[in-house]
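Kindly generate the complete structure, drawing on both the sequences and the hints.
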Amino acid sequence: MGLYLKNCWYVAAFTDEVTRTPLARKLLDIPMVFYRKEDGTPVALVDRCPHRFAPLSIGRLVGDDIECGYHGLRFDCAGKCVSNPHNAGKALSAADIESFTLFERYGFVWIWPGEAALADTATIPHFPYLEDDSTWRVLRGHLEVKGNYQLVSDNLLDLTHAPYLHPGFKMPGVTPEQQLAATTTSVEKTDRSVHYYRHRNGLPPNQATIDLFGFPAEPAISRTHMHWYPPALIDFDNGTYFEGQAEMDGFCFPQAHCMTPETEITCHYFFAAARNLKIDDPAIDDALRGVLNTAFRTQDEPMIEAVQSRMGNTGDIEALGPVMLKTDAAPVMARRLLKQMIADEQAGEIGQAGETGQAGEARQAEIAAE
Amino acid sequence: MGLYLKNCWYVAAFTDEVTRTPLARKLLDIPMVFYRKEDGTPVALVDRCPHRFAPLSIGRLVGDDIECGYHGLRFDCAGKCVSNPHNAGKALSAADIESFTLFERYGFVWIWPGEAALADTATIPHFPYLEDDSTWRVLRGHLEVKGNYQLVSDNLLDLTHAPYLHPGFKMPGVTPEQQLAATTTSVEKTDRSVHYYRHRNGLPPNQATIDLFGFPAEPAISRTHMHWYPPALIDFDNGTYFEGQAEMDGFCFPQAHCMTPETEITCHYFFAAARNLKIDDPAIDDALRGVLNTAFRTQDEPMIEAVQSRMGNTGDIEALGPVMLKTDAAPVMARRLLKQMIADEQAGEIGQAGETGQAGEARQAEIAAE
Amino acid sequence: MGLYLKNCWYVAAFTDEVTRTPLARKLLDIPMVFYRKEDGTPVALVDRCPHRFAPLSIGRLVGDDIECGYHGLRFDCAGKCVSNPHNAGKALSAADIESFTLFERYGFVWIWPGEAALADTATIPHFPYLEDDSTWRVLRGHLEVKGNYQLVSDNLLDLTHAPYLHPGFKMPGVTPEQQLAATTTSVEKTDRSVHYYRHRNGLPPNQATIDLFGFPAEPAISRTHMHWYPPALIDFDNGTYFEGQAEMDGFCFPQAHCMTPETEITCHYFFAAARNLKIDDPAIDDALRGVLNTAFRTQDEPMIEAVQSRMGNTGDIEALGPVMLKTDAAPVMARRLLKQMIADEQAGEIGQAGETGQAGEARQAEIAAE
Numbered sequence: 034m035g036l037y038l039k040n041c042w043y044v045a046a047f048t049d050e051v052t053r054t055p056l057a058r059k060l061l062d063i064p065m066v067f068y069r070k071e072d073g074t075p076v077a078l079v080d081r082c083p084h085r086f087a088p089l090s091i092g093r094l095v096g097d098d099i100e101c102g103y104h105g106l107r108f109d110c111a112g113k114c115v116s117n118p119h120n121a122g123k124a125l126s127a128a129d130i131e132s133f134t135l136f137e138r139y140g141f142v143w144i145w146p147g148e149a150a151l152a153d154t155a156t157i158p159h160f161p162y163l164e165d166d167s168t169w170r171v172l173r174g175h176l177e178v179k180g181n182y183q184l185v186s187d188n189l190l191d192l193t194h195a196p197y198l199h200p201g202f203k204m205p206g207v208t209p210e211q212q213l214a215a216t217t218t219s220v221e222k223t224d225r226s227v228h229y230y231r232h233r234n235g236l237p238p239n240q241a242t243i244d245l246f247g248f249p250a251e252p253a254i255s256r257t258h259m260h261w262y263p264p265a266l267i268d269f270d271n272g273t274y275f276e277g278q279a280e281m282d283g284f285c286f287p288q289a290h291c292m293t294p295e296t297e298i299t300c301h302y303f304f305a306a307a308r309n310l311k312i313d314d315p316a317i318d319d320a321l322r323g324v325l326n327t328a329f330r331t332q333d334e335p336m337i338e339a340v341q342s343r344m345g346n347t348g349d350i351e352a353l354g355p356v357m358l359k360t361d362a363a364p365v366m367a368r369r370l371l372k373q374m375i376a377d378e379q380a381g382e383i384g385q386a387g388e389t390g391q392a393g394e395a396r397q398a399e400i401a402a403e
Numbered sequence: 034m035g036l037y038l039k040n041c042w043y044v045a046a047f048t049d050e051v052t053r054t055p056l057a058r059k060l061l062d063i064p065m066v067f068y069r070k071e072d073g074t075p076v077a078l079v080d081r082c083p084h085r086f087a088p089l090s091i092g093r094l095v096g097d098d099i100e101c102g103y104h105g106l107r108f109d110c111a112g113k114c115v116s117n118p119h120n121a122g123k124a125l126s127a128a129d130i131e132s133f134t135l136f137e138r139y140g141f142v143w144i145w146p147g148e149a150a151l152a153d154t155a156t157i158p159h160f161p162y163l164e165d166d167s168t169w170r171v172l173r174g175h176l177e178v179k180g181n182y183q184l185v186s187d188n189l190l191d192l193t194h195a196p197y198l199h200p201g202f203k204m205p206g207v208t209p210e211q212q213l214a215a216t217t218t219s220v221e222k223t224d225r226s227v228h229y230y231r232h233r234n235g236l237p238p239n240q241a242t243i244d245l246f247g248f249p250a251e252p253a254i255s256r257t258h259m260h261w262y263p264p265a266l267i268d269f270d271n272g273t274y275f276e277g278q279a280e281m282d283g284f285c286f287p288q289a290h291c292m293t294p295e296t297e298i299t300c301h302y303f304f305a306a307a308r309n310l311k312i313d314d315p316a317i318d319d320a321l322r323g324v325l326n327t328a329f330r331t332q333d334e335p336m337i338e339a340v341q342s343r344m345g346n347t348g349d350i351e352a353l354g355p356v357m358l359k360t361d362a363a364p365v366m367a368r369r370l371l372k373q374m375i376a377d378e379q380a381g382e383i384g385q386a387g388e389t390g391q392a393g394e395a396r397q398a399e400i401a402a403e
Numbered sequence: 034m035g036l037y038l039k040n041c042w043y044v045a046a047f048t049d050e051v052t053r054t055p056l057a058r059k060l061l062d063i064p065m066v067f068y069r070k071e072d073g074t075p076v077a078l079v080d081r082c083p084h085r086f087a088p089l090s091i092g093r094l095v096g097d098d099i100e101c102g103y104h105g106l107r108f109d110c111a112g113k114c115v116s117n118p119h120n121a122g123k124a125l126s127a128a129d130i131e132s133f134t135l136f137e138r139y140g141f142v143w144i145w146p147g148e149a150a151l152a153d154t155a156t157i158p159h160f161p162y163l164e165d166d167s168t169w170r171v172l173r174g175h176l177e178v179k180g181n182y183q184l185v186s187d188n189l190l191d192l193t194h195a196p197y198l199h200p201g202f203k204m205p206g207v208t209p210e211q212q213l214a215a216t217t218t219s220v221e222k223t224d225r226s227v228h229y230y231r232h233r234n235g236l237p238p239n240q241a242t243i244d245l246f247g248f249p250a251e252p253a254i255s256r257t258h259m260h261w262y263p264p265a266l267i268d269f270d271n272g273t274y275f276e277g278q279a280e281m282d283g284f285c286f287p288q289a290h291c292m293t294p295e296t297e298i299t300c301h302y303f304f305a306a307a308r309n310l311k312i313d314d315p316a317i318d319d320a321l322r323g324v325l326n327t328a329f330r331t332q333d334e335p336m337i338e339a340v341q342s343r344m345g346n347t348g349d350i351e352a353l354g355p356v357m358l359k360t361d362a363a364p365v366m367a368r369r370l371l372k373q374m375i376a377d378e379q380a381g382e383i384g385q386a387g388e389t390g391q392a393g394e395a396r397q398a399e400i401a402a403e
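Protein chains in written order, with the numbering used here: chain V, 34 to 403; chain U, 34 to 403; chain H, 34 to 403.
Take every hint as true, because none was put in to throw you off.
Derived EDC-like pairs (lysine to aspartate or glutamate); straight-line CA-CA distance at most 16 Å:
1. U:K123 x H:E210
2. H:K179 x H:E295
3. U:K70 x U:D49
4. U:K39 x U:E297
5. V:K59 x V:E177
6. V:K179 x V:E297
7. H:K123 x V:E210
8. H:K39 x H:E297
9. V:K123 x U:E210
Here are the computed distance ranges between Cβ atoms for each label pair:
10. H:E131 x V:A376: 32 to 42 Å
11. V:M281 x H:A111: 44 to 54 Å
12. H:T217 x U:G122: 10 to 20 Å
13. H:A57 x V:T327: 14 to 24 Å
14. H:A215 x U:K123: 15 to 25 Å
15. U:Q379 x H:E338: 29 to 39 Å
One side of the interface only, derived from the structure: several residues of chain U facing chain V at Cβ under 10 Å:
16. N188
17. E210
18. A214
19. P335
20. M336
21. V356
Calculated directly from the structure, the hints in this document are not laboratory data.
Just so you know, these numbers come straight off a predicted model, no measurement behind them.
Positions of the beta carbon are idealized from the N, C-alpha and C atoms, including for glycine.
As structure tokens, then:
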């Protein structure tokens, strides 16, 4: 069983996955059932009847309640056992089960597994490009990765892997070494976030951008800025434009990457990628889906699963003593901030920020210099 | 490894499963091999040659003996190593293995895994309907359930699950609530058995009975009486008749349900169901097989396996603190009686009854009242 | 995790398995990657980049180096991290990994997992028939056995299983008992080897030899001599000839059997079988491949896996208290010699022979006499 941050928002599902047919999904080692009330409000309960441990997800909905498929106990959307049919339909408070706080935004169903009173939707990161259909076209995907969720955020927070793992993203006539050399990187940290900026100037756009949008193979400016928020939410600001052009006149490809632990060594990986060009062109949808599937499903996911296989049954790569590089600054900061937040939460200091900027600097200095 | 009652009878196999071809089957965590002597007597031995641990079940029969397929040691039906071919065919008492006491009755091969001297066939429950071909037609089945054996007896001993899990058993125009309301239940207990009586009066027969035997959809009397004997043997007396009719003039559908642990979290489930009507009609055979398969294989078995999956690697649901209902009276009594018998046996008080009637009453009162 | 002899030679692969495409193989619980340098020299490294634990086997070769497919660290064939592309291609000694000493001979790539300075290729057993194409035709095979590697050497070192497990090897008109009776056996032991001699005189050749080479079904002399060397290498000298004939004028069928642990309960089994007759006849190749496959893949391997399944998760059959026969003399001597060598190595007495001949005699006497 993993140790997870409880008082924070995780993505539980895409909104269209939660319907009037109960959905079983394990998150943070907890079997959960998701469904919608008749008015459309999403519901999450522990997916185990406390009577005989039947999964409620194989029961049926009765109005806004869910009825156990084994002996018919009914639970409302707050988890209260509102009816025991073997006792004249009376409620049975001893059989009440846990419900979870949900919130829908950006096409995601968000879940707060901790104390409901602390749930503050203002702490959900902003993904405005997932809410404005007139400017953006959004493609979504869901991977079930056989690896710890932090391995996925580590992967994103150190994009130096791109030229090695994603040869399709390469720029015409540019070697991996030239690409690394032309890229400037900086990392920033607050008490609840890590920001990783990659900027490149003077190299042509990558081949996919040239092919899909007709960009010339001429020197351009490109950015991949990552904004990490605990536990494993990344606002990925990606784009390419030419000198003198506004960012939105170039290609903008912002993405939300939201990882949620299923168990210590498996996770759900939800992503949503928006674009600002050719937003009504289904051929571009197909092409970009192909690009994303190639990168995420055939390159990142197998690599993360291979890494997990070399780690055995633990999800904590730091505990195994990896050799760190300067390029690990962002992933290491994010891991340590999260670790501190979990430790604080376990110690009862719920909701306190993990560390001061100063402590963060000190930690950053620990990273082995080459 | 589970902890099992050893000095009692379990069903090991149907009689026609044990032949001159060795049968490998694990019972109570013990790998066993079953075969028949030339005179037809069934034999059970530990399925592991003590020399190099080859399963004897992949060896061959030589007369009444079994020869290891690896180096040729031969064992008689009492487990004595009667021949070592590498020492001029002499016996080798150091290589004797355990044999098990068997007894055939009711179409079952019964096994007594404990002390042979204590084996008393009089303690096998009576299933007379499995022995009289002139009155009864019997259908048999065998499930390998990925769940603890007591989950199966619990399931049978609380039939309030029927309207929820077995919609096909419903009566025309009757709601689950009406069905529960029209049913009277009582539970009795002796020092070696639990009896659970369900009686219903004034509702029509269930749809299957109407369809198969042409019963009218009029108020009838129906009974489902269960007689539980340790470790997990149930004599299930089921039938429907009309006011003023003798039971045997109505539909009688008595059944033997015999569960045997394979491991702590898997079991063998043998059943044999007899009927008194249309006993020579193969179409009724097929229809009833369909009814039984639907209920046992597509409804009970998946539910029990789902429950086990929510319990993890333990087979003891009580240890996980379930919420109990009044309707759990019979399963809880049976579990506690068996638990006491196992504890007594472990303490050396083999063959003593588990508890007095009075202690039983006290336990029954512990069941949470709603 | 098993406990293995480290300072000795194991077979890692056939020479043609190690190429310019990296090969992943786990040996002695260690994930390893094998490849060849441009000059053909084979290389073995730990198959795990120390940075993010990516398997190097999914990376790519750059000259004689291997580049991690995740972030591009490069390792030379001694395991030195010779280039970190994120630091101007400088070496990073903190990221150096373990390499293993290899040696190619007899068509095998041999590996010495222990201290490189102790590796002495003179301790590799001699298999001259694997090096002389003009006299011998060699067939090779590789099994991945779900059983401890010593179960395979035990199997070979006690050929009394042949008439039971390999009925195809039987002689026409000869019973297993006659075959055992006509066979004389002797066992010898040195401080680093066990020799098991089986000689038979006066029975016809086995059926396969008659069929393949046209030998008459008349009294012949046959030998199966095994020479065992630690950890699990067997030089198997097998042949049949007639009175007055030189061995090489009869059928000679010498074989190398080399077992290498993958984990405690799985192993690699490499074999190479040479023949001196009809060495240019592909039909004999096919027929002998059939004989070997039948024996090794359909008889020995399933038996060894069945034995392992009866042993659970340990690989040490002696710890489970098997009943030993006189015919176990050779396997038991080999096991105990290896056990002593492992104990000595663990105690720091690397390279010392395990026991004196006298101690061996004493141990041999411990084997239960029937």
